[in-house]
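J.: Line by line, the protein sequences give chains A and B. For reference, each letter of the first sequence is one residue, going 0 to 400 in numbering that gives the first Met the number 0. For reference, each letter of the second sequence is one residue, going 0 to 379 in numbering that gives the first Met the number 0.
In case anyone wonders, no lab produced these hints; they're calculated from the structure. Given the structure is predicted, the values throughout are model-derived calculations rather than measurements. Accuracy of the hints is not assured; some may be wrong.
Calculated cross-link-like contacts (lysine to aspartate or glutamate; reagent style EDC-like; alpha-carbon spacing at most 20 angstroms) [what the hints assert, rightly or not]:
hint	chain 1	residue 1	chain 2	residue 2
1	A	Lys104	B	Asp194
2	A	Lys192	A	Glu391
3	A	Lys144	B	Glu232
4	A	Lys247	A	Asp269
5	A	Lys61	A	Glu125
6	A	Lys79	B	Glu317
7	B	Lys91	A	Asp393
8	B	Lys197	A	Glu125
9	A	Lys397	A	Glu348
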Amino acid sequence: MGMAAVPAITMLPRASFAQAPATSAVNTTGLAVTDTEVTVGILHSATGTMAISETGSIQAEKLAIEQINAAGGVLGRKIKFIQEDGASDWPTFAEKAKKLLVNDKVAAIMGCWTSASRKAVLPVVEQYNGMLYYPTFYEGLEQSKNVIYTGQEATQQILAGLNWIAKEKGAKSFFFIGSDYIWPRTSNKIARKHVENVLKGKVVGEEYYALGSTQFNSVINKIKLTKPDVIFTDVVGGSNVAFYKQLKAAGVDLAKQPLLTISVTEDEIDGIGGENIAGAYACMKYFQSLDNANNKAFVSAFKKMWGEKTVIGDVTQAAYLGPWLWKLTVEKAGSFDVDKIAAASPGVEFKGAPEGYVRIHENHHLWSKTRVGRAKLDGQFELIYETADLVEPDPFPKGYQ
Amino acid sequence: MVINSRFFNRSELMGFIALAAVLFVILPLTLDVFRLNLVAKYLTYAFVALGLVLCWGYGGILSLGQGVFFGLGGYCMAMFLKLEASSVENTKIQSTPGIPDFMDWNQITALPLFWQPFHSLTFTILAIILVPGLFALIIGTAMFKRRVGGTYFAIITQAVAAILTILIVGQQGYTGGINGMTDLRTLKGWDIRPDHAKIILYFVEVVLLFACIGIAQFIRLTKLGRILVAMREQEDRVRFSGYSVANFKIFAFCMAAVFAAIGGAMFALNVGFMSPSFVGIVPSIEMVIYTAVGGRMSIFGAIWGAILVNFAKTSLSESFPQLWLFGLGALFIAVVLAFPNGLSGLWADYVQPRIDRLFASRKAKAGWTDNSVADGAPAE
Numbered sequence: 000m001g002m003a004a005v006p007a008i009t010m011l012p013r014a015s016f017a018q019a020p021a022t023s024a025v026n027t028t029g030l031a032v033t034d035t036e037v038t039v040g041i042l043h044s045a046t047g048t049m050a051i052s053e054t055g056s057i058q059a060e061k062l063a064i065e066q067i068n069a070a071g072g073v074l075g076r077k078i079k080f081i082q083e084d085g086a087s088d089w090p091t092f093a094e095k096a097k098k099l100l101v102n103d104k105v106a107a108i109m110g111c112w113t114s115a116s117r118k119a120v121l122p123v124v125e126q127y128n129g130m131l132y133y134p135t136f137y138e139g140l141e142q143s144k145n146v147i148y149t150g151q152e153a154t155q156q157i158l159a160g161l162n163w164i165a166k167e168k169g170a171k172s173f174f175f176i177g178s179d180y181i182w183p184r185t186s187n188k189i190a191r192k193h194v195e196n197v198l199k200g201k202v203v204g205e206e207y208y209a210l211g212s213t214q215f216n217s218v219i220n221k222i223k224l225t226k227p228d229v230i231f232t233d234v235v236g237g238s239n240v241a242f243y244k245q246l247k248a249a250g251v252d253l254a255k256q257p258l259l260t261i262s263v264t265e266d267e268i269d270g271i272g273g274e275n276i277a278g279a280y281a282c283m284k285y286f287q288s289l290d291n292a293n294n295k296a297f298v299s300a301f302k303k304m305w306g307e308k309t310v311i312g313d314v315t316q317a318a319y320l321g322p323w324l325w326k327l328t329v330e331k332a333g334s335f336d337v338d339k340i341a342a343a344s345p346g347v348e349f350k351g352a353p354e355g356y357v358r359i360h361e362n363h364h365l366w367s368k369t370r371v372g373r374a375k376l377d378g379q380f381e382l383i384y385e386t387a388d389l390v391e392p393d394p395f396p397k398g399y400q
Numbered sequence: 000m001v002i003n004s005r006f007f008n009r010s011e012l013m014g015f016i017a018l019a020a021v022l023f024v025i026l027p028l029t030l031d032v033f034r035l036n037l038v039a040k041y042l043t044y045a046f047v048a049l050g051l052v053l054c055w056g057y058g059g060i061l062s063l064g065q066g067v068f069f070g071l072g073g074y075c076m077a078m079f080l081k082l083e084a085s086s087v088e089n090t091k092i093q094s095t096p097g098i099p100d101f102m103d104w105n106q107i108t109a110l111p112l113f114w115q116p117f118h119s120l121t122f123t124i125l126a127i128i129l130v131p132g133l134f135a136l137i138i139g140t141a142m143f144k145r146r147v148g149g150t151y152f153a154i155i156t157q158a159v160a161a162i163l164t165i166l167i168v169g170q171q172g173y174t175g176g177i178n179g180m181t182d183l184r185t186l187k188g189w190d191i192r193p194d195h196a197k198i199i200l201y202f203v204e205v206v207l208l209f210a211c212i213g214i215a216q217f218i219r220l221t222k223l224g225r226i227l228v229a230m231r232e233q234e235d236r237v238r239f240s241g242y243s244v245a246n247f248k249i250f251a252f253c254m255a256a257v258f259a260a261i262g263g264a265m266f267a268l269n270v271g272f273m274s275p276s277f278v279g280i281v282p283s284i285e286m287v288i289y290t291a292v293g294g295r296m297s298i299f300g301a302i303w304g305a306i307l308v309n310f311a312k313t314s315l316s317e318s319f320p321q322l323w324l325f326g327l328g329a330l331f332i333a334v335v336l337a338f339p340n341g342l343s344g345l346w347a348d349y350v351q352p353r354i355d356r357l358f359a360s361r362k363a364k365a366g367w368t369d370n371s372v373a374d375g376a377p378a379e
């Protein structure tokens, strides 16, 4: 691709320079933008416990950057990235974000995964006026000029799924199981309000386990005693492997006992094993199996770059949106300046999104559809339901706080 | 107590001058504020390493739970800063304005009682010293009075570190959980985030570090310090000589705890952040590694160890984001296998003799007599 660009420039020197506006005009705040290049940062955990989850995001961001460069870059400039390792350690994330912004003067950061890492980085990007594209579905209760949330916030992800399962399965009683930190707790709070106030159902149990916990036998016994209509889970990371295996070993048949999870993507099933979770429902905005032209092109490009065996989960797709949304916003604003990008973001739409179509809301979250998939034996999801319209992001939901 | 007539012997004086020159002059002049702030972060671990020299190097008490005290100091500071950052004005978006954001997320509607005193800076500063100090006193008394020591003590300190982490993570409504306390902004209205504040905080920290070095050196030179060493070598003989071994151990352990807590408090100020990831077993062991790499018998060696290991961590992770942990692991193994006394041992074995010879030959030429060069001679 670099080779192809060289003859083009020598043949048409004037035309190609005329396409790219002068650096002084598009970069008034001293970011790392030259006449031919613009630098962005990638900040995820390449080491530590979160590496298994965040690797997909790193791969998706690199793929997006390569595709954008192949299509001519941003405002005539190729994207160069600097990758930093957050090492699954929140303060390291903050330190590296600061390094990217202060030392490297990156024009944007694609990064963070856990809520904790975002909370650590947020004060840094706000202080040094950076732009962060954050891919994970998360608990909401946050909104920043300096962040674009490309995943879903809790109400977007949860409410449609609960409505669907209540209608479809006539579910009235729910049992909540989550990992013990802010995202599951907030998500379950929202789910509880929705179940009690809107669906007029009942929450018969709510239990939390420490991150990394692998002993779920006592809660599985409680599930067998209370016999809820739906098990609603937001257990994260490696704990999932133990949870679903123990569930199966205890004789809970997911074909008969509806289970709705908001935390298991194709990436997690890789570890859990399709046979242990087949039949469970997952509620999020993207599945690798989505049947549309954008997604087919995305999946094949991703596999070509990273190997046939890789799977693509919800967050990986959301991470892929980051560089594209940034490019589209820069072009809309006609500038790399963070203030102008923050102001131009609302209304930016990306028609090439693998999930279909997304648009940035005034509150810097994305309008997106919510989907329910059923896990199959081969580790993929089968799309069962999707909302008719895009769901509005509502990070500070009234009546759910 | 009789103090050695010379506070530092010559090699220590050189170490002191070298460290002071680097920290006060060379680094502030050569590094930009971002890097200087990183050095400030490394130096917070130097406080812990200093404590470990007293407690482990001299006292022979290996504590694998210094993260506990680092964390307690850091959390005390962070609680004060968080309260100041959570003014009604800043938190009006919450359902209960005026309390820290993580409490609001966890449906807590009023500030818990134990948070109230942290509105006062005086109380906070006292708490930074006293809370870890008293906690160490309790652990130390419970262990050493029963003559629990060595490996068993190390294991128990590990357990305490694990328990405290679980407590902090589990009680997220009161502690911020796994996220920790983020977004710390001002100290008595003074913004701690901009560059000039970082520079001031750096110098405050270096001054504090030198104050702690002074205290550690003072302890080392008094009779107390020699009893600690004697205890490490032959505990029973010291006991039979009529000393209360347990009390000396408790003292060393408490000093190490207080030093670690000061480091933790400076960490919260410099980094603007406190989280359980500095409290648990892994960071506690890392702190011991800094000390081991630098040299547990040497005050200056341990401080250099903390600075250099952390510097290596940062630069390796910037250059090799995927592989740096392996490199760091290899470095530790190499140092511990090849140089059991750490960097300061290397210095003492290879560099120091040459310097001494140089001085000795010069002095011989000048016709001086000097019989106590390398070591502070026993004074009594």
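J.: Look at each hint and say if it fits the structure.
T.: Each hint, compared with the structure:
no. : hint                 : verdict
1   : Lys104/A to Asp194/B : holds (16 angstroms)
2   : Lys192/A to Glu391/A : holds (19 angstroms)
3   : Lys144/A to Glu232/B : violated (61 angstroms)
4   : Lys247/A to Asp269/A : holds (17 angstroms)
5   : Lys61/A to Glu125/A  : violated (25 angstroms)
6   : Lys79/A to Glu317/B  : holds (16 angstroms)
7   : Lys91/B to Asp393/A  : holds (18 angstroms)
8   : Lys197/B to Glu125/A : holds (17 angstroms)
9   : Lys397/A to Glu348/A : violated (26 angstroms)
The structure does not agree with the numbered hints 3, 5, 9 stated previously, though it agrees with the rest.
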